[in-house]
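Sequence lines, in order, name chains A and B.
The numbering of the first sequence is the numbering used here, which starts it at 1 and goes up by one.
The numbering of the second sequence is the numbering used here, which starts it at 1001 and goes up by one.
Hint data in this document are derived by calculation from the structure and do not stem from the laboratory.
Take the hints with a grain of salt, since some may be wrong.
What the hints assert, rightly or not - Every beta carbon over 12 Å from chain B, so not counted as near; a handful from chain A, in silico:
#1 Trp97
#2 His179
#3 Asp191
#4 Ile203
#5 Asp204
Unchecked claim - Mimicking DSSO-like on lysine-lysine, the simulated pairs with C-alpha atoms at most 30 Å apart in a straight line are:
#6 B/Lys1528 <-> B/Lys1492
#7 B/Lys1500 <-> B/Lys1527
#8 B/Lys1528 <-> B/Lys1495
#9 B/Lys1518 <-> B/Lys1500
#10 B/Lys1421 <-> A/Lys65
#11 B/Lys1499 <-> B/Lys1513
#12 B/Lys1421 <-> A/Lys298
#13 B/Lys1518 <-> B/Lys1495
#14 B/Lys1468 <-> B/Lys1425
#15 A/Lys351 <-> B/Lys1276
#16 A/Lys351 <-> B/Lys1421
#17 B/Lys1513 <-> B/Lys1528
#18 B/Lys1498 <-> B/Lys1513
#19 B/Lys1492 <-> B/Lys1527
#20 B/Lys1498 <-> B/Lys1527
#21 B/Lys1425 <-> A/Lys298
#22 A/Lys351 <-> B/Lys1425
#23 A/Lys298 <-> B/Lys1276
#24 B/Lys1527 <-> B/Lys1513
#25 A/Lys239 <-> A/Lys298
#26 B/Lys1499 <-> B/Lys1518
#27 B/Lys1499 <-> B/Lys1527
#28 B/Lys1513 <-> B/Lys1493
#29 B/Lys1468 <-> A/Lys351
No residue lacks a Cβ here, since even glycine has one placed at the ideal position from N, Cα and C.
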Amino acid sequence: MQARTGFVSSPHAARVNSVDWVMLQVCLALVPGTLALVWFFGWGVLIQMALAVVFAVAAEAAVLKLRGRPVLPAIRDYSAVVTALLFALTIPPTLPWWLTLLGILFAIVIVKQLYGGIGYNPFNPAMAGYVFLLISYPVATTTWLPPAVPELLQAQDLTTLSFLDSVRLIFTGVLPAEHTWDAVSAATPLDEMRTKLDQGMTIDEIRASSPLWGDFGGRGWEWVANWFLLGGLYMLWRKVITWHIPVAFLGGLLITAGAFWLLDPQTHPFPAFHLFSGAAILGAFFIATDPVSAATTKRGQLIYGFAIGAMVFVIRTWGGYPDAVAFSVLLLNIAAPMIDHYTQPRVFGQKRSAKAG
Amino acid sequence: MLFSVLHPHRERLWHFHGGVHLPDEKHLSNAGPSVAAPLPAQLVVPLQQHIGAPSQPLVSVGDRVLRGQPLARPQGYVSAPVHAPSSGTVAAIEPRQIPHPSGLSAPCVVIDTDGEDAWAELPPPLPDFEQLDPADLRERIRQSGIVGMGGASFPSSVKLNPGPDQPIHTLVINGAECEPYITCDDLLMRERAADIVDGIRVMLHILGAERCLVGIEDNKPEAIAAMREAAQQLSGQGGGQAGRQAGRAQQIRVVEIPTLYPSGGEKQLIKILTGKEVPSHGIPAQIGIVCQNVGTACAVADAVLRGRPLIERYVTVTGRAVSEPRNYRVRIGMPAADLVAASGGCTGDLEKLVVGGPMMGFRIDTDAVPITKAANCILALTPAESPDPGAPQPCIRCGRCAEVCPANLLPQQLYWHARAKDLDKVQDYNLFDCIECGCCAVVCPSHIPLVQYYRYAKTESWAREREKRAAEHARERHAAKEARLERLEREKKAKLRKKKAAVAPKGGKDDDKQAAIKAARERAAAKKQAAQGESATAAGKPAPGRAEPAPGRTEPAPGRAEPAPGRAEPAPGRAEPPPGAAEPAAAGPAAAKGKVAAPDGKPPGAPEDAQIASRAAEQQGAQGAVPKPVPDDARRAVDEAAAAGADTSPGRPEQPFVRGTDQPPDQAAAQASGQTDQQTAQQPSGAGTDEERPRATAGRG
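Whenever a hint applies, use it, and build me the whole structure from the sequences.
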């Protein structure tokens, strides 16, 4: 009797995990945060996501074709989709379509595929694409909408965009006649805080000056962060990620921010403000945990996450940009191989942790 | 401490890093009791079912053998005999396909069974083993052919002899059986718990250990209960030895451990039970622990208390591709095909046959292989149970592999470097601490066959190591030879000088004789030169009669130089040990030839000359003095003698010269190179096949 020729090497048991499953879990975990974003910032978010996904998949397919690699298996792993979604969640909902295309092309073609495709990119493609746009088109990429919180809109005489308005704005760059840019755009809480601190205002003055502020961060914004946190916890539960990077990231941010807040609570906002503003939560759970570009040893992940968190605070406080998750992640991406090298675990039965030479 | 306060009744357990929870699939085969497998018409007993030197057959074709009769005896310390599993006639001793990852064939004794199943005369039972010398018990275990039955198949007598410098305090008995599907140890513990406990007592006595910990995963409640009861009963026994036996029983603790693959790995189980880690590249004895499988314990009891050799074992036949999965008591040598047939045969949906478990077992192409001492499971998997993972995708560096690695390695770094064939780097990342448990490969989302990469890298590393050693050896040999030739040259000159001095005073009538000798010597030298040139060009040819090995040939070509001792180039160490053997071979033919030929063809008036010449040739090789007026065939004989002398002299003169004082280091060098020679020659078998070695360290649950 002859058996069929299955694959040869052990283990013969069924595999319990797959890349597409992991990527789909990430997509699923993004849902609550995405819904919150749409709730507060309108249809533009969804339009950007759709655009980004289409562009990313098309770009990935085209490059794979050019590289003579099998296209379908690579598309089916949904890694391009995850990159596109994360990219779309970080850009303003009203960004012109061609900038989205540009950012995606940079992320997928240059940062991911030119380095060899999935698994080989040293940098997080979504963040690299975002930073590329941020540096090249600083105004367009920092023009955010106000969150749809009624008191806030009334107080500052702001308005929101309808679905059609959003489509028109994204594809033609033309605002509806009855609106002005001033009426549809607003500074983000991080922007506002930074600007006013630079003007010499104290934290108390800043918080009293505007209805923008919520419990910790900005109104609306902090709720988006909460929902992304929920998605992050889902990923932890499904074991798509481990706690090391998110906890270290948020810990690094909290500890550095807390230290300076303790030194001078009037020039440094309460640490929780940092946590629930900008992309901190999204970054901690969804971006810094990108396995390809992150550190892989557990101790290394703690260092990696902590350094990103600390770096976020440093750039937010003294750097040239109001938010810093993308820059911090990219900086630590370069450091990841070195961190891995120096944080190898102690092998079973050996006395000290090994250091490969 | 906190633990003992919180759980006063539970054993303190430790954790090893990683591990995976797998669907255990044990329910398929552990429902019913074990069944005695039918006696097959033919038994195929491989001569080597253990790690170490193959055993030497004691029977020949046509012999009638009885059940339990030794078929082969061990050769060397790390070796084990094999016994006839049933009575019958030896039909053949020939290579048959054995269960091996590479589908190899190996020498087997094939027995046509006669159905009588008649026992041979067995060695006497040793019920009062506690009064016996451990060495005697070890010898009984050795002669019973007992090897590690958890899969490693390392001779148990060796494992039970850690030596006086390694006192053993704990015997760990492995009943974890962590691999999915396999239930043979489970059934063995349920059905033969008392025997296992007896075996434990024997081994505790042999090792002089204080305590025994039996580790069983908590998915085997019946086995745990049976073992606990057996250990309990021992302490409840009356009689004269009650107190002592109660003491022994107290030493035996059955510990329930959480189900987590690979808890049954030797090092992992020791960590769980004792919190101690076996040193990397080390063995448990170094930390005072010996680990044995429950099957081994049972076999030890059979051997010591009943005199029965290891001829039978529990085997699980399972998987969804067999109709009736269950456990069998199987004679060693029973063809797997018969066993599968006894289980109702395979359904059409067979994806693959595996010997061992789904995590560490190996696939076999055919079931026409015998059950061996190490074969714990025949697994017939359907495509649904063992789906093809498909083409591997790129690693996304998710690190899941590192999370589950029980050796706490970085599997993905190993993978990168193994793929790049960077053998130094993989060893920097502790490749050889990998136990090939397969956890990393099972959780890898990219479905990369990681274990296969590590096996590849290990094999390549061993091959490179062998080559390195061979090159090193060749270099040493070359150096030794250079030194030897130099010394020979000096010796020759000294002898000639001495001879000259002895001959000169005679003067006068010897002058023309001297001239003749000189001329002959020149001719011989010329001839030798020619021969040397020839052998130098015909380098690959193993010319046994070649005058002088051309030095250029022994140049150690790294990577190619092999330690072939049988080659024409005389390996000093090889020729050295029996000088007596080398000498007759060298001098014998030359002397004989010279003596026969010279008288025979000598012209009148020159008998002495010819004799002198042949003696000279005998003593001095190529420099032999040949008188001028020697006819052709006498001269040819002398030349031959000269050539033979020259060729073999390197092996021969070691003795006199070393005795004669001046070069002991050379001798040492020759011996050293002789040793490396033997080591190199033994190395492949010592290392085991590439498949066996890791298992030896890993063991299987």
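Taking the hints in turn, this is what the structure says about them:
Under the 12 Å C-beta cut-off, the non-interface status given to A/Trp97 relative to chain B holds; the minimum distance is some 30 Å. Non-interface call for A/His179 relative to chain B: holds, since the shortest CB-CB distance, roughly 44 Å, exceeds 12 Å. A cut-off of 12 Å between C-beta atoms confirms that A/Asp191 is not in contact with chain B; the least separation is 35 Å. Every CB of chain B is more than 12 Å from the CB of A/Ile203 (nearest about 40 Å), matching its label as outside the interface.
Residue-level check passed: A/Asp204 sits 45 Å from the nearest beta carbon of chain B, beyond 12 Å. With a C-alpha separation of about 15 Å, the suggested pair B/Lys1528 and B/Lys1492 falls inside the 30 Å cut-off, and the hint holds. Proximity of B/Lys1500 to B/Lys1527 is assessed by CA-CA distance (about 23 Å); at most 30 Å being required, the pair is judged to hold. For the hint linking B/Lys1528 to B/Lys1495, the alpha-carbon distance of about 19 Å falls within 30 Å, and the restraint holds.
Note on B/Lys1518 and B/Lys1500: the hinted pairing holds, with a Cα-Cα distance of about 11 Å set against a maximum of 30 Å. Simply put, B/Lys1421 and A/Lys65 have alpha-carbon atoms about 29 Å apart, close enough for the 30 Å limit, and the pair holds. Proposed proximity of B/Lys1499 and B/Lys1513 is supported: the alpha carbons are some 14 Å apart, at most 30 Å. A C-alpha spacing of about 26 Å is found between B/Lys1421 and A/Lys298, which places the hinted pair at or below 30 Å, so the restraint holds.
For the hint pairing B/Lys1518 with B/Lys1495, the CA-to-CA distance comes to about 15 Å; that is within 30 Å, so the pair holds. Using a Cα cut-off of 30 Å, the hinted pair B/Lys1468 and B/Lys1425 holds, with the two alpha carbons roughly 17 Å apart. For the given pair, A/Lys351 sits about 12 Å from B/Lys1276 by alpha-carbon distance, which is consistent with the 30 Å threshold. With a C-alpha separation of about 27 Å, the suggested pair A/Lys351 and B/Lys1421 falls inside the 30 Å cut-off, and the hint holds.
Proposed proximity of B/Lys1513 and B/Lys1528 is supported: the alpha carbons are some 22 Å apart, at most 30 Å. Our distance criterion of 30 Å between C-alpha atoms is met by B/Lys1498 and B/Lys1513, whose separation comes to about 17 Å. A C-alpha spacing of about 18 Å is found between B/Lys1492 and B/Lys1527, which places the hinted pair at or below 30 Å, so the restraint holds. This hinted pair checks out: B/Lys1498 and B/Lys1527 have alpha carbons roughly 24 Å apart, not beyond 30 Å.
Taken as a hint, the B/Lys1425 and A/Lys298 pair is honoured in the structure, with Cα atoms around 21 Å apart against an allowance of 30 Å. With a CA separation close to 20 Å, the supplied pair A/Lys351 and B/Lys1425 stays within the 30 Å bound. Distance hint between A/Lys298 and B/Lys1276 is fulfilled; the C-alpha atoms sit about 23 Å from each other, no more than 30 Å. Straight-line distance between C-alpha atoms of B/Lys1527 and B/Lys1513 comes to about 21 Å, which keeps the hinted pair within the 30 Å bound.
Restraint check for A/Lys239 and A/Lys298: the C-alpha separation of about 14 Å stays at or below 30 Å, so the hint holds. A threshold of 30 Å between alpha carbons decides the hint, and for B/Lys1499 with B/Lys1518 the separation of about 13 Å falls inside it, so the pair holds. For a cut-off of 30 Å, the pair hint linking B/Lys1499 to B/Lys1527 stands: about 23 Å separates their Cα positions. Our distance criterion of 30 Å between C-alpha atoms is met by B/Lys1513 and B/Lys1493, whose separation comes to about 20 Å.
With a C-alpha separation of about 29 Å, the suggested pairing of B/Lys1468 with A/Lys351 holds against the 30 Å cut-off.
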